[in-house]
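> Listed below are the residues making up each chain.
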Amino acid sequence: MMQALSQARYGIGAVVVVGVLFAVGALTTPNLTFRISYAVSFVVLAAIGLAIIFGIMGVINLAHGEFILVGAYATTLAVTKVGLPLPVAMVAGALVTAVFGLVVERVIISGYVPNWIGQRTVGRDLITPFYDRLADSMVATFGLSLIMVQGARIVFGNSIDQIGVPFGSTAGYPDYRIALVGITAGVLALVYVLFTQTLFGTRVRATMQDEQTAKALGIDTERTYMYTFAIGSGLAGFTGALFAPLLSMQPSIGDQFLVEAFVAVVVGGASVVVGTSLSGLLLGPIDALFSDEFGEFAGRIALLITAMLALRFLPGGITGLIDRVRAMREGGS
Amino acid sequence: MATESSAPAGGTSPTPIARLRNRLEGPNTIGNSRPFWIGFALVLAALVAFPILGAGTGNQFSLFLVLGLLGLSLSLVWGYTGILSFGQTVFFGVGAYTFGVVSINFPSPGGITGAIAAGTLAGAVLAALLGYFMFYGGVRDVYVTIITLVSTLVMLTFMAQTAGSEWTIGEAALGGFNGMPGMPLLTLGAEGVFTFQFVFNEYEVLVPFLGTRVFDPFYYLALALLVAAYLGLRVLVNMDFGRVLVAIREDEDRTMMFGYDVKRAKLVSFTLGGGLAGFSGVLYAARNVYIDPSVFELYFATLPVVWVSVGGRKSLLGAVSATIAVEYLRLSIGGEFALVAVGALLLLSILVLPGGVVPWTASRGIPWVRTDGIPWIRKRVRGDASSEVTES
Chain U
1 MMQALSQARY GIGAVVVVGV LFAVGALTTP NLTFRISYAV SFVVLAAIGL
51 AIIFGIMGVI NLAHGEFILV GAYATTLAVT KVGLPLPVAM VAGALVTAVF
101 GLVVERVIIS GYVPNWIGQR TVGRDLITPF YDRLADSMVA TFGLSLIMVQ
151 GARIVFGNSI DQIGVPFGST AGYPDYRIAL VGITAGVLAL VYVLFTQTLF
201 GTRVRATMQD EQTAKALGID TERTYMYTFA IGSGLAGFTG ALFAPLLSMQ
251 PSIGDQFLVE AFVAVVVGGA SVVVGTSLSG LLLGPIDALF SDEFGEFAGR
301 IALLITAMLA LRFLPGGITG LIDRVRAMRE GGS
Chain D
1001 MATESSAPAG GTSPTPIARL RNRLEGPNTI GNSRPFWIGF ALVLAALVAF
1051 PILGAGTGNQ FSLFLVLGLL GLSLSLVWGY TGILSFGQTV FFGVGAYTFG
1101 VVSINFPSPG GITGAIAAGT LAGAVLAALL GYFMFYGGVR DVYVTIITLV
1151 STLVMLTFMA QTAGSEWTIG EAALGGFNGM PGMPLLTLGA EGVFTFQFVF
1201 NEYEVLVPFL GTRVFDPFYY LALALLVAAY LGLRVLVNMD FGRVLVAIRE
1251 DEDRTMMFGY DVKRAKLVSF TLGGGLAGFS GVLYAARNVY IDPSVFELYF
1301 ATLPVVWVSV GGRKSLLGAV SATIAVEYLR LSIGGEFALV AVGALLLLSI
1351 LVLPGGVVPW TASRGIPWVR TDGIPWIRKR VRGDASSEVT ES
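Protein chains in written order, with the working numbering: chain U, 1 to 333; chain D, 1001 to 1392.
Simulated from the structure, these hints should not be mistaken for lab results.
In this text, a Cβ means the ideal position worked out from N, Cα and C, and glycines have one as well.
It is possible that part of the hints are untrue.
Stated by the list, open to error - If the Cβ cut is set under 10 angstroms, some of the chain D residues that face chain U in the computed set are:
hint, residue
1, Pro-1035
2, Trp-1037
3, Ile-1038
4, Phe-1040
5, Leu-1044
6, Val-1048
7, Val-1139
8, Arg-1140
9, Thr-1145
10, Leu-1156
11, Phe-1215
12, Ser-1294
13, Leu-1351
As the list claims (entries may be wrong) - Residues of chain D placed beyond 10 angstroms of chain U at every Cβ, according to the derived structure:
hint, residue
14, Phe-1133
15, Leu-1149
16, Ser-1165
17, Phe-1337
Said to hold, decoys possible - Covered stretches of chain D, as calculated for chain U (at least 3 residues, CB under 8 angstroms):
hint, segment
18, 1157-1164
19, 1318-1330
20, 1340-1346
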């Protein structure tokens, strides 16, 4: 997977192609282009936090939608109650979610806090960490998600005041949605740089590839997991912050992201940046076209069928396909 | 000890009781001893007597019994075959809706009896279809879970938009979020031969020493069906086929290497689970005389997972008893905190007792649920409750 990230040649080519397509589309059929690129950014933003946590830690976070909820609520409340300007509030929302994710990781996923207490009271560990226990981590985070949705309902009621959509509109399409497309590209670039160009990214990739060896080489894998989870949560929160002006603020807001997020992760495969952006490029248009033509239900059915086809014909998702193509080329030459 | 080891280990046995026990007992179920069956009979007697002694509370309790079937279906699929499915409620809901559509169109006793079969079949067929595409399409492990989860959301989106009049099948309107009212009352049998109405047909019965009590036929129908399903599944999981399922749960690749058709076994188990869930949905709709899309909500889809993981997914007994206990708890807490309590219960059970309550109790050697005389089972169950320190 990481060769996929480091082989920048194809990557730059693909980015250029997408950019040119977007520019041409925006000049010829602006409305359709904006709609599709918004759908692509929706899928990418919905999935990126989940993809990081799943791809690197092997934990399926079913409370992903509720992490988005935390980000959205924190942003909205920061604007309406505290009076922060919107961009600052969005960053604050992402940070709040990251800290929240850190707490969840320490208390539930790694079991550090309960085990620390257990060691001091009954002299043994109380729970085993959830890393790579896929089914169990799903069930546990599902419990967390129930508590969070209902907790939000109890504390904040069935809805809170929404913040207005910033900017005006271009060619009948809201500017804010167009800005979201640019922000999505920025987020992807940032994640890419973080995981390929920094020392932290190298540690993360080492931990992901072979935890034992990484540990033997002196990497604190538990700390790596901890920060990874916080980053994934922070990105989920940032997604919530970005969509806070667009969606009605209900405790069930996270459900709207779940289908897209999970299908994107299934289709994308293990690689975070390449997989998520490619599956966004594939799923976004499918979702947009089917939803516009036949309604939301058809869009979701189309996503479900795409996911099943992808699982059937692309084991390992799109990144698995890329890896296989490369292996074949290298084997041939 | 002498009483506990009286069951013959195998082969043909002289008495019918021993033969029956031989079928019902095995390494895959908890409770293989005579004390267990005595306790089982006592609990059963208590459940039979409960509405008569407890004066009318049997009405609410019959709902728990119906949901017990749903819990059993997940226990078979997740606990014994290792497929974590969030989609049991899809089959449950489809069974319920099918029952509604068929029974509204054919409101005679024969038609309603047929509607029960149709609803069960609909659950099984949908599970078979979904399972076929998943298992033969190479979808495995956690991806199956994600697909079933997405199916639930897709069904919710679908049923929510069926409010229009174009969504009418014969006489029956699907009704979108308003649901489907006006189902005929559950009356079984064939016209002219024998029919009996099971819901809203309470008898005043004169019980000696207690005075007149209300007798709800549906409660006893649900109880009988739940016991039948429990015993039937016990036979199934202790058959050779059940051993294959458990082998798949423990190590799918190795089972395939041994030459078993893993995909077919998973499909059969998933289909059976879907049929059982559909049947549970039929009884749910028949009991409430109403069904709406809330059965496809994510929250409802969680409940079976909560029941089964709290009770112990590798144990049918755990699934049934936890279903009843958790539902009782949920309804008695009520209000907005019920959901928080359910979530906390799920979180705590998976953190502290990943194996579930009943297997944990069994591993403690409490006699009536003890896995009789098979030490390696006890060791394995204990090893699964991984947080525990080994002790003598």
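> Determine for every hint whether it applies to the structure shown.
Evaluation of the provided hints:
| no. | hint | in the structure |
| --- | --- | --- |
| 1 | Pro-1035 | violated, 31 angstroms |
| 2 | Trp-1037 | violated, 32 angstroms |
| 3 | Ile-1038 | violated, 34 angstroms |
| 4 | Phe-1040 | violated, 29 angstroms |
| 5 | Leu-1044 | violated, 31 angstroms |
| 6 | Val-1048 | violated, 34 angstroms |
| 7 | Val-1139 | holds, 5 angstroms |
| 8 | Arg-1140 | holds, 9 angstroms |
| 9 | Thr-1145 | holds, 6 angstroms |
| 10 | Leu-1156 | holds, 9 angstroms |
| 11 | Phe-1215 | violated, 37 angstroms |
| 12 | Ser-1294 | violated, 13 angstroms |
| 13 | Leu-1351 | holds, 5 angstroms |
| 14 | Phe-1133 | violated, 6 angstroms |
| 15 | Leu-1149 | violated, 7 angstroms |
| 16 | Ser-1165 | holds, 17 angstroms |
| 17 | Phe-1337 | violated, 7 angstroms |
| 18 | 1157-1164 | holds (count 3) |
| 19 | 1318-1330 | violated (count 0) |
| 20 | 1340-1346 | holds (count 6) |
Hint compliance for this structure: hints 1, 2, 3, 4, 5, 6, 11, 12, 14, 15, 17, 19 are not met, and every other hint is.
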